[in-house]
Amino acid sequence: MSQPVQLPPARYEHGGDEFIFVEIAEEMSMEANIKATLITQELENRQMSGLVDICPSNASYLVRFDPDVVPPAELMGLLKDLEGRFQEVPEGFTLQTRVVDVPVLYNDPWTHEAMMRFRDRHQDPESTDLEYGARTNGFDSVEAFIEHLAGNPWIVTMLGFVPGLPFCYQLEPRERQVQVPKYVRPRTFTPERAFGIGGAFSVVYPVQGAGGYQLYGMSATPVLNVRQDHPDFDHSIVFPRAGDILRYRSVDRAEFDDTRREVEAGTFRYRQHDVEFSPAAFLDDPQGVNDRLLEVLYR
Amino acid sequence: MSAQVRVVSGGLSTTVQDLGRTGRYAIGMPPSGAMDQFSFRVANLLVGNPEGAAALEATYIGPTLEFTDERIVAVTGGDAAVTLNGEPVPMWASTRVTSGDVLAFGMITTGARPYIAVSGGVAVPEYLGSRSTYTLIGLGGHEGRTLTDGDVLPLGDASGGTQGAVVPDDLVPQFPSDVEVRAVVGLCSYRLTENALESFLGTPWRITKDADRVGYRLRGGTLDFVEREQPFGAGSDPANVVDLGYPLGSIQVPGGDEPIVLLGDAVTGGGYVTIATVISVDRDLFGQAKTGDTIRFRDVGIDEALAARADRTRWLDRIRSALA
Chain B
1 MSQPVQLPPA
11 RYEHGGDEFI
21 FVEIAEEMSM
31 EANIKATLIT
41 QELENRQMSG
51 LVDICPSNAS
61 YLVRFDPDVV
71 PPAELMGLLK
81 DLEGRFQEVP
91 EGFTLQTRVV
101 DVPVLYNDPW
111 THEAMMRFRD
121 RHQDPESTDL
131 EYGARTNGFD
141 SVEAFIEHLA
151 GNPWIVTMLG
161 FVPGLPFCYQ
171 LEPRERQVQV
181 PKYVRPRTFT
191 PERAFGIGGA
201 FSVVYPVQGA
211 GGYQLYGMSA
221 TPVLNVRQDH
231 PDFDHSIVFP
241 RAGDILRYRS
251 VDRAEFDDTR
261 REVEAGTFRY
271 RQHDVEFSPA
281 AFLDDPQGVN
291 DRLLEVLYR
Chain C
1 MSAQVRVVSG
11 GLSTTVQDLG
21 RTGRYAIGMP
31 PSGAMDQFSF
41 RVANLLVGNP
51 EGAAALEATY
61 IGPTLEFTDE
71 RIVAVTGGDA
81 AVTLNGEPVP
91 MWASTRVTSG
101 DVLAFGMITT
111 GARPYIAVSG
121 GVAVPEYLGS
131 RSTYTLIGLG
141 GHEGRTLTDG
151 DVLPLGDASG
161 GTQGAVVPDD
171 LVPQFPSDVE
181 VRAVVGLCSY
191 RLTENALESF
201 LGTPWRITKD
211 ADRVGYRLRG
221 GTLDFVEREQ
231 PFGAGSDPAN
241 VVDLGYPLGS
251 IQVPGGDEPI
261 VLLGDAVTGG
271 GYVTIATVIS
281 VDRDLFGQAK
291 TGDTIRFRDV
301 GIDEALAARA
311 DRTRWLDRIR
321 SALA
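Protein sequences, first through last, are from chains B and C. Numbering-wise, the numbering used here puts 180 at position 180 of the first sequence, and it's gapless, one number per residue. Numbering-wise, the numbering used here puts 271 at position 271 of the second sequence, and it's gapless, one number per residue.
Bear in mind the hints are in silico, worked out from the structure with no lab data behind them. Backbone N, C-alpha and C define an ideal beta-carbon position, used for all residues, glycine too. Any given hint could be a false lead.
20 angstroms max Cα-Cα, derived SDA-like pairs, lysine to any residue [as the list claims (entries may be wrong)]: (1) Lys209/C / Arg185/B; (2) Lys209/C / Ala210/B; (3) Lys209/C / Arg121/B.
Pair by pair, the computed Cβ-Cβ distance ranges are [stated by the list, open to error]: (4) Ser141/B / Thr110/C: 52 to 62 angstroms; (5) Asp257/B / Arg206/C: 38 to 48 angstroms; (6) Ser236/B / Glu87/C: 48 to 58 angstroms; (7) Gly202/C / Arg121/B: 19 to 29 angstroms.
Please construct the entire structure, taking both the sequences and the accompanying hints into account.
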């Protein structure tokens with residue numbers, strides 16, 4: 001077992017009278033995310049009256065409450081107590097989760113078109129988003145950059161922005177993780193199912209709308225299904241769950257179109273497998289754990 | 001035939017709303033619901049409905065509605081010339097309508113959003129515990145969208161409600177075009193320089209055309225960030241943070257020059273710096289603020305926010321008693 005990385009104490013902030021925002025760390029790390037997961041899971045388990053929403057986020061979490069039922073000072077005290085109980089990852093902690101194959105057409109015509117409409121809001125209006133990301137992350141070519149993004153799994157560390165949007169963190173050692181800025185000013189248009197990256201996170205946009213992430217491709221499959229007429233959405237209108245491990249596999253146009261037809265016909269099923277994910281094992285041997293995850297998914 | 005209201009004209013942007021679809025923020029589902037919850041509740045009180053019954057929220061230009069049976073209706077919120085069969089009817093008061101009666105609106109004069117409650121409530125199906133429309137993903141309300149000409153809305157069984165109920169003048173809210181909004185500074189406000197924070201609070205911010213149920217984008221100043229080496233994962237722009245949850249009413253500052261205030265159909269999280277949160281009762285003010293209006297933020301602590309909440313409850317209690 002590696003030594004747990006010590007995190008600075010969390011910051012507690014009132015978001016008006018109905019929210020408390022707790023920032024566990026300013027920078028993203030697996031450790032910060034696990035701490036947010038542990039605290040919010042414990043909070044869920046308590047089934048406290050007056051708590052409206054418990055939202056684990058990447059390196060923070062957010063709680064909405066009714067201050068007429070729970071005084072803010074009391075809730076603040078409880079959250080601080082909980083932080084004290086989760087100073088490090090408990091021995092043997094694992095996530096019961098799923099590994100899922102998400103087919104993505106990288107460098108697709110639709111996100112390309114959207115991206116070109118908003119060059120004036122971009123750090124580098126002369127490049128495409130893919131060219132900019134490849135260059136600033138030290139890749140020789142757009143192809144090598146795509147291969148890197150598509151080659152390894154990502155873990156869902158937060159849902160939000162709009163319903164079903166998964167924020168995914170790279171299951172890679174820090175030195176191999178890519179980073180890109182968000183747009184200087186958010187776009188007013190992003191196509192549905194666009195795949196993009198901002199900071200160290202990848203996302204699939206569930207619906208058409210605003211967005212600030214760099215645009216790299218398009219998922220063939222939905223993450224949101226309001227009508228719940230696809231079998232993978234029987235239990236919820238959103239597919240991803242926090243802790244899911246997604247692989248954004250690069251597909252060609254023919255496979256993309258085939259998959260779109262299956263989705264339209266309502267016959268598509270995500271390729272997925274239940275797995276037990278040990279963050280500690282991952283931090284010890286990222287490549288080994290990645291290889292095993294992909295082996296389980298495609299065997 | 002069950003009771004209905006026919007939408008002769010949908011107006012500019014009219015939706016079915018109630019008090020909101022709470023409890024699903026963690027999957028990215030904002031609560032939606034009436035933007036001005038105070039005016040919304042009062043509209044329902046006037047027609048004898050439970051305060052959370054579904055009603056219509058109009059924006060700028062109200063709808064034209066034809067009724068098919070006898071009902072009590074009331075209009076509250078932003079001021080508009082309301083007519084029934086061409087004759088003026090007062091706002092903040094209940095009126096009886098009967099089959100074939102047509103309720104119509106002139107242009108709004110102050111405020112932005114009239115609320116139209118009908119006794120029995122708008123009986124569209126509940127979706128995830130609410131009848132509120134969330135147009136961004138096409139969910140709830142009437143087919144998940146704003147109303148258009150020719151739509152027909154089902155109504156619930158009318159129970160109570162009396163003609164001629166009136167909210168006393170001194171209890172009717174005012175909607176000035178220069179609005180002071182109370183906000184709790186914090187969240188990631190450490191990213192702003194001291195000057196920038198002062199400037200944020202000292203600037204009269206103008207509401208831009210980008211102002212809808214998701215949020216209001218403001219202009220009027222530029223805010224400088226404290227220089228730093230960006231933390232891993234945040235992205236290199238100084239306005240970027242590692243993506244986090246956005247409280248309802250929180251104010252983010254992408255680029256430092258366009259504060260965005262998040263409202264009922266809010267995006268629930270993202271990676272732009274948030275610096276303050278509008279207190280819950282003052283979110284209503286945005287429901288009645290419009291493009292071109294001016295917003296000034298005043299920093300308050302949590303105690304003042306709670307006191308404002310208690311004041312609002314007492315105000316509503318006085319209206320409840322006046323209408324009882």
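Against the structure, the hints:
This hinted pair checks out: lysine 209/C and arginine 185/B have alpha carbons roughly 16 angstroms apart, not beyond 20 angstroms. For the given pair, lysine 209/C sits about 15 angstroms from alanine 210/B by alpha-carbon distance, which is consistent with the 20 angstroms threshold. Taking the CA atoms of lysine 209/C and arginine 121/B, the gap is near 18 angstroms; set against the 20 angstroms cutoff, the hint holds. The beta-carbon spacing between serine 141/B and threonine 110/C, approximately 59 angstroms, falls within the hinted interval of 52 to 62 angstroms.
Separation of aspartate 257/B from arginine 206/C is about 47 angstroms and conforms to the stated range, judged on CB atoms against 38 to 48 angstroms. Remark: the range hint 48 to 58 angstroms for serine 236/B to glutamate 87/C is upheld by a beta-carbon distance near 50 angstroms. Checked against the given bound of 19 to 29 angstroms, the beta carbons of glycine 202/C and arginine 121/B, roughly 28 angstroms apart, stay inside it.
Checked against the numbered hints given earlier, this structure breaks none of them.
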